[in-house]
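Residue numbers (UniProt numbering), protein chains in the order written: chain A, 1 to 135; chain B, 1 to 135.
Worth flagging that the hints you see were computed from the coordinates, not collected in a lab. None of the values given here were measured: they were computed from a predicted structure. A virtual CB, placed ideally from N, CA and C, is assigned to each residue, including glycine. Keep in mind that a hint or two might mislead.
[Unchecked claim] Computed spacing ranges between beta-carbons, pair by pair: (1) A/A68 - B/T40: 30 to 38 Å; (2) A/Q115 - B/E30: 16 to 24 Å; (3) A/R71 - B/T40: 26 to 34 Å; (4) B/E92 - A/D20: 32 to 40 Å; (5) A/N35 - B/R83: 35 to 43 Å.
Protein chains: 2
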Amino acid sequence: MDRIPILKLGKALLVTIQVDMHDQLATALEEDLTNMIVSTGARGVLIDISALDIVDSFIGRMLDNIAAVSRILDADTVVVGMRPAVAITLVELGLSLGGVKTALDVDRGMALISQRTSFGHTDADDDGDEEDAGD
Amino acid sequence: MDRIPILKLGKALLVTIQVDMHDQLATALEEDLTNMIVSTGARGVLIDISALDIVDSFIGRMLDNIAAVSRILDADTVVVGMRPAVAITLVELGLSLGGVKTALDVDRGMALISQRTSFGHTDADDDGDEEDAGD
Numbered sequence: 001m002d003r004i005p006i007l008k009l010g011k012a013l014l015v016t017i018q019v020d021m022h023d024q025l026a027t028a029l030e031e032d033l034t035n036m037i038v039s040t041g042a043r044g045v046l047i048d049i050s051a052l053d054i055v056d057s058f059i060g061r062m063l064d065n066i067a068a069v070s071r072i073l074d075a076d077t078v079v080v081g082m083r084p085a086v087a088i089t090l091v092e093l094g095l096s097l098g099g100v101k102t103a104l105d106v107d108r109g110m111a112l113i114s115q116r117t118s119f120g121h122t123d124a125d126d127d128g129d130e131e132d133a134g135d
Numbered sequence: 001m002d003r004i005p006i007l008k009l010g011k012a013l014l015v016t017i018q019v020d021m022h023d024q025l026a027t028a029l030e031e032d033l034t035n036m037i038v039s040t041g042a043r044g045v046l047i048d049i050s051a052l053d054i055v056d057s058f059i060g061r062m063l064d065n066i067a068a069v070s071r072i073l074d075a076d077t078v079v080v081g082m083r084p085a086v087a088i089t090l091v092e093l094g095l096s097l098g099g100v101k102t103a104l105d106v107d108r109g110m111a112l113i114s115q116r117t118s119f120g121h122t123d124a125d126d127d128g129d130e131e132d133a134g135d
């Protein structure tokens, strides 16, 4: 497989990381996500890492990259499903994932994204309600 | 990897098939899904196969199995993201996925599931509205 599927979920995009990431796959994912954010007008990116036993500096950098690009395109990045052991390892490695928001599961991640945008079943696009509420 | 992650999404469960399925993985997925339906009270199962180039009889049978077990546990199974070539191959192979509902993408699949249950942001459980609307 050379592409990780990106699912559109309302105004968010959902990616589930299930396989070992390598350079090419990570680059392809970053490109695909960037294109999808623009083409769908997504306001958030959810990245599920519940299948990952370990998050090394490579994955950490990829997550940071995705978050940085998404932010420029006005989309929040939320990492969901992190295992306890992964969280401990990240801290021990000194990787704090500073640019990335986290949530325990997809539902909470969606709630996080919907906090700043009018996400949901109403299709109200950009109606100027950008409150910057405690970002 | 020996488990495919299952994401809870409101009252639905979402599975993204990204890797080659083999016997053990398929069995584990069926078991995990069954347990998750019961433990979360999910009313629907969304299976995304947009990453699959080909769906053979093994995958077809797995999807049928999941649908059959889910139905007994009162959950709909919706396969989403099927590629055009996969659809053509399925018909040519005589695999019509009779027991499985399909939708073009996750959003439409969620809509399909929400048609028969009070899915959404209200947490109204079983309030007796089982209309059997043209199932």
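Which hint numbers does the structure go against, in order from smallest to largest?
Result: hints 2 and 5 break, sorted rising.
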